[in-house]
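Q: Take the sequences, apply the hints, and build the full model.
Chains as they are written, first to last, in the working numbering: chain A, 3 to 320; chain B, 3 to 320.
There's no promise every hint is true.
As the list claims (entries may be wrong) - Pair ranges (Cβ atoms, derived):
1. A/209 / B/305: 23 to 33 Å
2. A/285 / B/218: 26 to 36 Å
3. A/122 / B/305: 37 to 47 Å
4. B/83 / A/78: 51 to 61 Å
Source of the hints: derived by calculation from the structure; they are not laboratory data. Computed from a predicted structure; not experimentally measured. Yeah, the Cβ is synthetic: ideal placement off N, Cα and C, and Gly gets one too.
Here are the chains, one letter per residue:
Number of protein chains: 2
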Amino acid sequence: MQNKSAGWNVDPLPSWNDGTTKQSIVSFVKKITDKSHAGYVPREERIATFDNDGTLWSEQPFYFQFGPFVMDRIKALAPKHPEWKTTQPFKAVIEDDRQALAASGKKGLEEIVMATHAGMTTAEFEQIVKDWIATAKHPRFKRLYTDMVFQPMLELLAYLRANGFKTFIVSGGSIGFMRPWVEGVYGIPPEQVVGSSIKIKFEMCNGKPVLVRLPELDFFNDKAGKPVGIHKFIGRRPIAAFGNSDGDLQMLQWTAAGDGPSLMVYIHHTDGEREWAYDRKSHIGRLDKGLDEANAKGWTVVDMKKDWKIIYPFELKK
Amino acid sequence: MQNKSAGWNVDPLPSWNDGTTKQSIVSFVKKITDKSHAGYVPREERIATFDNDGTLWSEQPFYFQFGPFVMDRIKALAPKHPEWKTTQPFKAVIEDDRQALAASGKKGLEEIVMATHAGMTTAEFEQIVKDWIATAKHPRFKRLYTDMVFQPMLELLAYLRANGFKTFIVSGGSIGFMRPWVEGVYGIPPEQVVGSSIKIKFEMCNGKPVLVRLPELDFFNDKAGKPVGIHKFIGRRPIAAFGNSDGDLQMLQWTAAGDGPSLMVYIHHTDGEREWAYDRKSHIGRLDKGLDEANAKGWTVVDMKKDWKIIYPFELKK
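A: Rendered as structure tokens:
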């Protein structure tokens with residue numbers, strides 16, 4: 003079937019239902035790639051940034067990196083740390099005591115993140131992530147976490163790249179956790195991954211240089227940190243940005259403030275059956291101020307239930 | 003004329019004299035792009051990193067950013083800072099008192115760098131750099147600083163890119179100073195510039211988001227910082243790295259420690275007539291330990307006087 007509005011012979015976004023949402027994306031791409039149009043943007047300036055958790059893959063019941071990955075790592079490391087059996091927040095993780103874990107708060111989460119993300123070389127951590135991502139499964143769908151990426155967003159990434167965009171991840175998750183697998187899953191190379199990071203240190207170890215991960219935050223790439231991360235890593239303002247929560251609001255504001263045309267898109271989690279439904283009051287991925295601003299400014303809001311034919315790639319194989 | 007050894011109909015490195023130096027570069031590129039060769043490297047892993055000062059352009063008598071740029075800015079800002087007339091190190095800069103400036107040491111340099119690099123938005127600083135780089139001239143050559151890039155290195159950048167490499171700058175200079183002009187001069191886009199940085203902050207100013215530059219060091223991308231910067235910004239190990247000083251040694255060590263083939267190159271400043279001659283005892287761009295290690299490990303050392311037919315592009319137009 004032809005999608006005449008997009009000028010393609012084959013619909014580049016087959017998992018997107020026709021309608022105003024899809025149309026706003028396709029119109030933008032048509033406009034900025036049309037040399038005869040006043041809104042034309044040269045290829046080198048076609049920067050698109052994507053949040054990861056909740057935008058490119060699911061994030062419920064808790065961010066996959068800071069929930070299941072960290073918990074699995076604490077359990078794997080526990081035999082070497084007998085003291086954890088009697089020390090919070092580690093005890094809570096080992097005993098699956100969610101109440102005690104929640105009670106340990108942000109400080110508790112930081113402790114278990116540092117215990118699982120630091121103290122090894124970058125190469126060792128990369129292998130740990132690769133092993134986990136290749137085997138761990140989501141409790142609800144019994145699928146690999148990399149199966150829980152959004153098929154419509156994979157199509158969108160490919161569509162933008164086919165139109166000369168450079169696609170970047172700009173995530174609150176860490177660069178060390180994302181880079182080992184995002185190239186294979188999203189087609190986004192490691193050097194186009196902007197994220198949070200801990201400090202690392204160059205050392206000579208038996209005459210071989212290594213980079214050692216230190217238990218100290220280097221950069222937190224969320225909220226007002228996202229435009230900072232974009233400036234630091236990319237050095238250009240995006241012309242298109244995609245997020246799903248208030249943590250992405252400043253990235254979208256920064257994108258909107260450019261001189262030329264820009265596209266700001268929020269993914270709104272509205273499908274409690276096929277995925278999850280949450281927004282203004284969610285404990286993670288909260289979309290409240292962002293939704294108000296999107297409505298006030300006329301940004302594109304994707305209604306997952308209404309706009310997406312399927313959510314996950316595995317639905318195609320049913 | 004055919005350069006048969008390179009398999010090209012046209013010599014891709016015409017400003018390089020034939021010899022072992024040029025041969026070592028061409029052989030490496032042939033090997034890693036030849037699918038039938040055991041050393042073949044897939045396109046996405048062809049990362050090449052280049053130091054900037056002294057490697058892609060000259061750096062004498064003092065790094066262009068931290069010497070002339072900073073001095074010119076202090077003088078331009080002086081009318082707004084009457085107190086500088088009586089305060090070191092600013093007084094020394096205004097009066098061109100090199101002795102007093104040298105006496106202010108590293109702390110003095112930091113003060114004048116922060117006074118000239120912070121306290122404005124990223125867009126304002128970008129414009130300041132663009133204006134300066136378009137007009138300021140080098141005292142010896144009476145040329146724009148961007149005319150003082152090395153013609154053989156421009157050819158090398160183009161040659162590597164034509165062979166599927168992604169070329170990155172990895173410099174002790176700051177990303178904010180390099181990004182406004184390196185794309186036009188080297189063909190390296192802003193998002194492939196790794197360098198030092200000061201902290202920046204996202205702010206809303208009259209309803210418009212801005213990024214404000216703060217007088218605080220964020221990251222120093224030199225010596226052991228270079229592999230850290232490479233890991234942070236690129237997330238892959240280079241297979242080829244180019245530097246000219248001990249400040250690049252760890253980057254070359256990190257590159258050499260990869261599993262596959264790698265090319266480590268030092269530019270040795272040996273031409274006191276056409277450029278400058280300096281190495282083991284220079285106050286800037288010192289090449290001492292690096293030269294020993296290059297000799298011991300068999301890395302490629304470019305002898306500028308012997309290996310380069312011309313230094314600067316403007317010599318072509320003589």
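Q: Now, for every hint given, state plainly whether the structure supports it.
A: Evaluated hints:
A hinted range of 23 to 33 Å holds for the C-beta pair residue 209 of chain A and residue 305 of chain B, which are about 28 Å apart. The supplied range of 26 to 36 Å is met by residue 285 of chain A and residue 218 of chain B, whose beta-carbon atoms lie about 33 Å from each other. The beta-carbon spacing between residue 122 of chain A and residue 305 of chain B, approximately 42 Å, falls within the hinted interval of 37 to 47 Å. At roughly 58 Å, the beta carbons of residue 83 of chain B and residue 78 of chain A sit within the given window of 51 to 61 Å.
Checked against the numbered hints given earlier, this structure breaks none of them.
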